[in-house]
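K.L.:
Next come the chains, spelled out residue by residue.
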Amino acid sequence: MTDVKQGIAKETVETAKALETYKYGFSTDIESVKAPKGLNEDIIRYISAKKEEPQWMLDWRLEAFQRWQTMSEPRWAHLTYPEIDYQDAYYYAEPKSGAKYASIDDVPEEILQDFEKLGIPLREAEVLLGVKGAAASAAEARTNPDPNSTPNGEKPKVAVDAVFDSVSVATTFQAELKKAGVIFMSISEAIREHPELVKKYLGSVVPVSDNFFATLNSAVFSDGTFVYVPAGVRCPMELSTYFRINEANTGQFERTLIIAEKGSYVSYLEGCTAPMRDENQLHAAVVELVILEGAEIKYSTVQNWYPGDKDGVGGIYNFVTKRADCREKNAKVSWTQVETGSAVTWKYPSCILRGDNSVGEFYSIAITNNHQQADTGTKMIHLGKNTKSRIISKGISAGKSDQTYRGLVSIHRKADGARNFTQCDSLLIGGDCGAHTVPYVETKNPSAILEHEATTSKLSEEQLFYCQQRGLGEEEAVALLVNGFCRDVLQELPMEFAVEAQKLVQVSLEGSVG
Amino acid sequence: MTALKLTKTEQGLLAALPDGALAQALQTKGLPNRRVEGWRWSDLRTALREEKPLAKTFDGALPTEILSVSDATTLIFANGVLQTLGDLPDGVTLEQAGPTASGETNLPAGLAQSLADKKITLSITKPVKEKIYLRFIAKGSGAINTHLVVKLSQGASAHFVESYESADNPFVNGLATFDLAQESHLTRSILQPSAPEAIMVQNSFVKMAARARYDQTLIGFGGAYTRFETRIDGQGDDLTINLATAYLLSGKNHFDSTSEIRHHGLAANTEQLTKGIVRDQARAVFQGKFYVARGAQKTVANMQHKALMLSEQSEVDAKPELEIYADDVECAHGNSVGALDPALIFYMRQRGLSEEQVRTMLIGAFLGEVLQQISDETLRNALNDKIANAMEAGHEF
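Listed in order, the protein sequences are those of chains U and E. According to this note's numbering, the first sequence is numbered sequentially starting from 567. According to this note's numbering, the second sequence is numbered sequentially starting from 105.
In case anyone wonders, no lab produced these hints; they're calculated from the structure. Please note that a few of the clues may not be correct.
Covered by chain U, according to a simulated footprint, are these stretches of chain E (three or more residues, beta-carbon under 8 Å) [claimed, not checked]: (1) 407-417; (2) 420-434; (3) 440-446.
Non-contacting residues of chain E with respect to chain U, defined by C-beta distances greater than 10 Å in every case (computed) [said to hold, decoys possible]: (4) L130; (5) E169; (6) T197; (7) A314; (8) M495.
Ideal placement from N, C-alpha and C gives every residue a C-beta, glycine not left out.
If we strip away everything but chain U, and leave its shape as in the complex, we get:
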């Protein structure tokens, strides 16, 4: 913030200044074991050996690596960043004391504290509200009465899989989930314990050679979450994974695979943060969702990777491939994302609506400030009859940031009666940012009905004036209006996230007025 308008309280200005910086930028000193720098077949063998993987998994990785070497980085997105040197990074880092711990008591205190600071207690007894990683302030949330508590004072439980650099350090509530038949564990464990499931579904939604970053991930993925919900089971609690990059110069390549069998339901949350560092770090994840007949997956993300500083130095490069396959009839998937972090975001959570009557939803809020760049959106591929999709995207650009909504709605020949509704609205705060919309619509069936609306505007002076007249500060007024602008999406978030997300929207924009 350079120019401060007159009439704004000094405190507000200072608070805003303080908030321009990133809250989760601390790093934890913990000795770690890293694979040598660089990327080659030996590194892949090293990762695979570290994870005690079977031969088929290693072969899968090596094949992906071979493919990757023939591919080139996609540059079609509206993003500018320097050439990435894929040899100048570590592809594997784990705490020295080992990867997975038998009991939470064995997890090194530093790591527990690290997650504690992020607001994610890993000791089950301490789990109160679950993921607070995205909270504007964990402390604040504690002092405020919690709006989500159930009437009898019990707090909803959230099972957490905590991924620290390349390894999953703890997965909570596994026993309780097991009773319900739900498998919730790190993908490394799943490869060892449920190879038949992993073998059947891994790469079945995002094929190995899908795109440059997905192929890279297939070769070097380190850890991530595996969820299997058996037929007819409604997962008894929210599942969540918290990703933390701690080491310098290290990329994180997580892989998540969720399978919802016939008639099941699961709600999954994902949060992420990283320390403040001057160099850019790479994060290339792949998320695959398989949804069978009548099942539903609700997938919510609060992405708060380190966005770089005010001058655009440092920050995470976030290249993510997320795709859901509604494989059978009446399947439903809902992606909700709040994107506030990362220096560069390249992410298009997609839905393949294969089963008749299947439903795909995409709700997104992306907020960019300072020098952030985000190119994000979704793909809705309608293959089955009477498939429905809805896209609500709200983009807010401030500072010197650039943001693009890029989406595809594709209606195939046999998708009789398919419907899509798309709304993408962009809001610009200040004259140095950019907001762009690039929708692709392909229709091959006359019975499909597609509607697309998009607007770009700035905050209404009148509304701001009105709010300020009633005693709100300028920044409060902006936050209020922006929250209103985002409401359609915020209300899709699970309760645990909605409060945090709302605060996050506020925090990301503080300092952008003036």
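Place chain E on chain U using the hints.
P.N.:
For chain E alone, kept in the frame of chain U given last:
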């Protein structure tokens, strides 16, 4: 990277081109194809599989006028060669020069510059009441290139009526550049009748100074491959831009309407409306882009694309794009694709109309909106008749 293997067509074009950046671009990238963003739905490389040698001169009699334009001076380009040159209206001059070396990065536009028989420059120095009718007539199976330069001086105005008529299976490639000085006003009313065998690319590059106005109406019936690309570079403040397009596609016709409007000045007012119907195995492509530069405040720009699909085998692809760097603007775009509302058809049939009549009426009403901005009533009616006739002819547009 392996070197690109050029198609026969590309080899032929390369041989015809002088050495330079354009030849090099053709050699390394080939003709625009589906791997190139902006050409993903209209692959020119594939469309031009068959080699198109440079066209021979037009022989035989010129076809009768497809549009009778009253009160107009007519210029006829037959296979790219300017034929007759009657008296030009007061305030209009015409110059002919040899082809120019091209600095273009747009391949078809560059080819038109380099390979056109002549570069024709029309200068308009004052308001011209009389219309100027440009007839582009092509036949045979060769490649035809035209390069037209139009300059409007300050305060000048003109109304161009254009028709692009192709028989047989030529490759018609045209470039027209329009330079609009301050307060000038250009109106273009364009008709492109169906040409089921012809391949055509028409590029229009428009540059606009302050307070200039550009109105373009395009009625297209498509062809084996038809692409109209309009690029507007709005440099001055207070511009007025209207683009209206209607497409009616049948058979296997392909029609691509691509546009990019760049707003650099303050307070431009842009309206873009594209409406179309596709039937049989036809395919429509709409790509629109609004660019609003940093500082181009108070820009108001609205883009709408609406398509009706009348058959199982038809296809509509759309990409309405916004790229915005100024915060005090109002930009919107909308896109909708669907079939005729069965409830509406039922309602009107109940009132005694045949299905054919109902469809004609509904489609006529749907497309009629596009012609609204043509203020010349005779011309508007003539174009309206073209649409109505096409509808009555049933499947033969």
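K.L.:
So, for every hint listed, does it hold in this structure?
P.N.:
Okay, the hints, checked on the actual structure:
1. 407-417: Answer holds; 5 residues pass the 8 Å Cβ test.
2. 420-434: holds (count 15)
3. 440-446: holds (count 4)
4. L130: L130/E is indeed farther than 10 Å from all Cβ atoms of chain U, at 22 Å.
5. E169: holds (35 Å)
6. T197: Label holds. Min Cβ-Cβ 42 Å, cutoff 10 Å.
7. A314: Consistent with the label, A314/E stays out of reach of chain U, its closest Cβ about 21 Å off (over 10 Å).
8. M495: holds (17 Å)
Going down the numbered hints, you'll see the structure goes against none, and every one checks out.
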